[in-house]
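Spelled out from the first residue to the last, the chains are:
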Amino acid sequence: MTTATDPATGFPALKALMARMIGDEKHTGAATSTLETLWVLYEKVLRVDPSWVEERDRFFLSKGHGPMAYYAVLAAKGFFPADELDRFGRFRSPLGLHPDRLLVPGVEISSGSLGHGLPLAVGTALGLRIRGLSGPGDPSVWVLLGDAELDEGSNHEAIAFAGRAGFGQLNVVVIDNASASHGWPGGIEKRFAVEGWATARADGRDLAALGAAFTEDHPDRPRVVVAEVEQQLPTH
Amino acid sequence: MPGLMRKRFVDVTAELIDAHPRLAVLTADLTAKAFDGVRARHPDRVVNVGIREQLLISMAGGLALAGVRPIAHSFAPFLVERPFEQIKLDLNHQGVGAVLVSAGGSYDIANSGRSHQSPGDVALLATLPDWTIQVPGHTDEAEAQLRAAAVTDDLVYLRLSNRSNTRAYVGAEEGFTTLRTGKRGVVLVVGPLADNVLAATDGLDVTVLYATRIRPFDNRTLRAAASGQDDLAIVLVEPYLAGTSVAEVTTALRGLRHRVLGLGVGREELRHYGSTRQHDIAHGLDAAGLRRSIANFLEE
Numbered sequence: 001m002t003t004a005t006d007p008a009t010g011f012p013a014l015k016a017l018m019a020r021m022i023g024d025e026k027h028t029g030a031a032t033s034t035l036e037t038l039w040v041l042y043e044k045v046l047r048v049d050p051s052w053v054e055e056r057d058r059f060f061l062s063k064g065h066g067p068m069a070y071y072a073v074l075a076a077k078g079f080f081p082a083d084e085l086d087r088f089g090r091f092r093s094p095l096g097l098h099p100d101r102l103l104v105p106g107v108e109i110s111s112g113s114l115g116h117g118l119p120l121a122v123g124t125a126l127g128l129r130i131r132g133l134s135g136p137g138d139p140s141v142w143v144l145l146g147d148a149e150l151d152e153g154s155n156h157e158a159i160a161f162a163g164r165a166g167f168g169q170l171n172v173v174v175i176d177n178a179s180a181s182h183g184w185p186g187g188i189e190k191r192f193a194v195e196g197w198a199t200a201r202a203d204g205r206d207l208a209a210l211g212a213a214f215t216e217d218h219p220d221r222p223r224v225v226v227a228e229v230e231q232q233l234p235t236h
Numbered sequence: 001m002p003g004l005m006r007k008r009f010v011d012v013t014a015e016l017i018d019a020h021p022r023l024a025v026l027t028a029d030l031t032a033k034a035f036d037g038v039r040a041r042h043p044d045r046v047v048n049v050g051i052r053e054q055l056l057i058s059m060a061g062g063l064a065l066a067g068v069r070p071i072a073h074s075f076a077p078f079l080v081e082r083p084f085e086q087i088k089l090d091l092n093h094q095g096v097g098a099v100l101v102s103a104g105g106s107y108d109i110a111n112s113g114r115s116h117q118s119p120g121d122v123a124l125l126a127t128l129p130d131w132t133i134q135v136p137g138h139t140d141e142a143e144a145q146l147r148a149a150a151v152t153d154d155l156v157y158l159r160l161s162n163r164s165n166t167r168a169y170v171g172a173e174e175g176f177t178t179l180r181t182g183k184r185g186v187v188l189v190v191g192p193l194a195d196n197v198l199a200a201t202d203g204l205d206v207t208v209l210y211a212t213r214i215r216p217f218d219n220r221t222l223r224a225a226a227s228g229q230d231d232l233a234i235v236l237v238e239p240y241l242a243g244t245s246v247a248e249v250t251t252a253l254r255g256l257r258h259r260v261l262g263l264g265v266g267r268e269e270l271r272h273y274g275s276t277r278q279h280d281i282a283h284g285l286d287a288a289g290l291r292r293s294i295a296n297f298l299e300e
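As they're listed, the protein sequences go chains A and H.
The first sequence begins at 1 in the UniProt record's numbering and counts up by one.
The second sequence begins at 1 in the UniProt record's numbering and counts up by one.
Bear in mind the hints are in silico, worked out from the structure with no lab data behind them.
A few of these clues could be false.
Stated by the list, open to error - Cβ pair distances, simulated, as ranges:
1) A:His182 x H:His272: 47 to 55 Å
2) A:Gln231 x H:Tyr273: 49 to 57 Å
3) H:Gly113 x A:Arg92: 46 to 54 Å
4) H:Arg292 x A:Gly166: 55 to 63 Å
5) H:Glu85 x A:Gly89: 17 to 25 Å
6) H:Pro129 x A:Ser181: 32 to 40 Å
Just so you know, these numbers come straight off a predicted model, no measurement behind them.
C-beta: ideal position from N, C-alpha, C; glycine also.
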């Protein structure tokens with residue numbers, strides 16, 4: 001579990017931290033859509049802290065655009081000084097418009113191009129299994145996707161394989177702000193369910209509902225939680 | 001399963017998987033059945049993902065992030081060209097390594113047509129930093145390169161072929177090996193075209209260098225070979241896209257007046273099926289074609 005929350009760095013403080021990142025950010029809607037999910041994960045679910053031990057949970061931000069909420073949460077949790085946020089996007093800043101794992105403490109994968117986080121996570125889930133770290137109490141792997149990101153076919157290669165392989169330590173959160181150009185008739189969950197995943201849907205702005213959805217047990221198969229938020233206007 | 005190199009790859013990989021508990025091999029259906037025996041022993045480390053080549057590369061990246069050494073295998077067009085963004089982002093950009101082992105070369109599977117041919121794979125990978133690109137010309141060379149790659153954390157591309165030179169050259173997996181010395185130029189041949197080049201240059205007063213590792217490029221050996229030449233004419237013979245390594249030659253010989261001819265597979269799509277031998281002739285990579293090109297260049 002993450003470290004205890006200081007009032008100055010709790011959820012109410014996140015928007016102030018995000019406000020420190022100004023400039024060329026083009027994905028403000030995308031950034032705020034993930035805020036509650038990221039906070040609940042880092043506050044209630046993920047067993048990660050700046051000591052970065054081998055047995056930590058893994059969180060992969062696949063939806064790498066709009067990382068302001070991610071950086072704000074990492075700063076709030078002590079992965080790097082909050083003052084770094086003021087240099088967001090600058091040439092010598094580690095904090096870019098898409099996160100780089102080699103530059104930012106606490107970032108597990110470099111992302112930006114869509115459709116990479118989940119396939120990478122499937123490999124990491126297999127790797128943890130190979131290393132004997134896939135039993136009860138062993139690290140979980142979490143991936144955050146967007147509903148439009150699911151347009152990328154690479155996700156569906158990963159969804160199919162992960163379901164058949166029964167990666168119980170694999171968890172996906174899809175932020176659903178109805179931004180997929182052609183939608184997902186019948187709901188996003190159906191694409192996962194048909195491949196054997198456990199599925200759930202929660203209000204993506206409700207901290208308690210997200211917490212409950214993220215902590216349900218699913219030992220023998222991967223699980224997706226669709227976190228529904230308000231529709232975003234196109235940013236591209 | 002055609003190809004001695006691919007069979008050796010399967011046998012040696014199985015042995016390595018038995019020996020190294022953090023080594024895994026991923027396939028995308030092609031060659032998967034040949035791994036049945038070792039998969040039965042190590043089902044979590046010998047995994048066939050199905051015909052999902054993007055996943056193949058991304059999973060290799062994810063395995064490496066978890067501290068497992070991945071080997072990923074398919075035919076060259078499906079291993080390198082189709083999932084190239086995954087190679088760029090899920091291996092290079094994540095800062096992790098993998099061994100990519102291709103089969104089929106440029107046109108080993110000539111009668112399957114363009115979809116199964118990949119003359120541009122080496123040029124494409126060479127646009128990315130940090131790759132060691134191995135192009136063995138013999139099964140024994142491929143085995144040595146595979147064994148070395150399996151126990152590092154580096155980015156290694158091992159380009160297997162169905163064709164082979166009549167003999168292996170010991171030590172060729174590191175730098176260029178001198179096969180013949182002469183004074184009127186240097187011919188650098190890569191991988192399985194060595195026999196053709198030796199036949200093509202028979203009686204010519206040229207140095208012949210042999211490479212099975214083309215990246216990093218062995219600047220030192222080429223420069224040393226060039227230094228003793230009366231005419232600094234360099235002919236590069238590569239079993240993939242012609243000219244792929246010409247810029248490397250220019251870098252190696254910076255400050256020395258020289259001229260370069262890059263021979264290899266032509267850029268134009270050859271809309272023919274048939275055999276590897278017929279494609280060799282069409283691209284001028286048979287011994288007679290190489291002789292004409294090399295001799296003409298030396299006379300220019």
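Outcome of the hint check:
1. A:His182 x H:His272: 47 to 55 Å: 41 Å, violated
2. A:Gln231 x H:Tyr273: 49 to 57 Å: 53 Å, holds
3. H:Gly113 x A:Arg92: 46 to 54 Å: 50 Å, holds
4. H:Arg292 x A:Gly166: 55 to 63 Å: Since Arg292 of chain H and Gly166 of chain A have Cβ atoms about 60 Å apart, the given range 55 to 63 Å holds.
5. H:Glu85 x A:Gly89: 17 to 25 Å: At roughly 24 Å between Cβ atoms, Gly89 of chain A and Glu85 of chain H fall inside 17 to 25 Å, so the hint holds.
6. H:Pro129 x A:Ser181: 32 to 40 Å: Holds: the Cβ-Cβ distance is about 35 Å, inside 32 to 40 Å.
In the structure shown, a violation is registered for the earlier hint numbered 1 alone.
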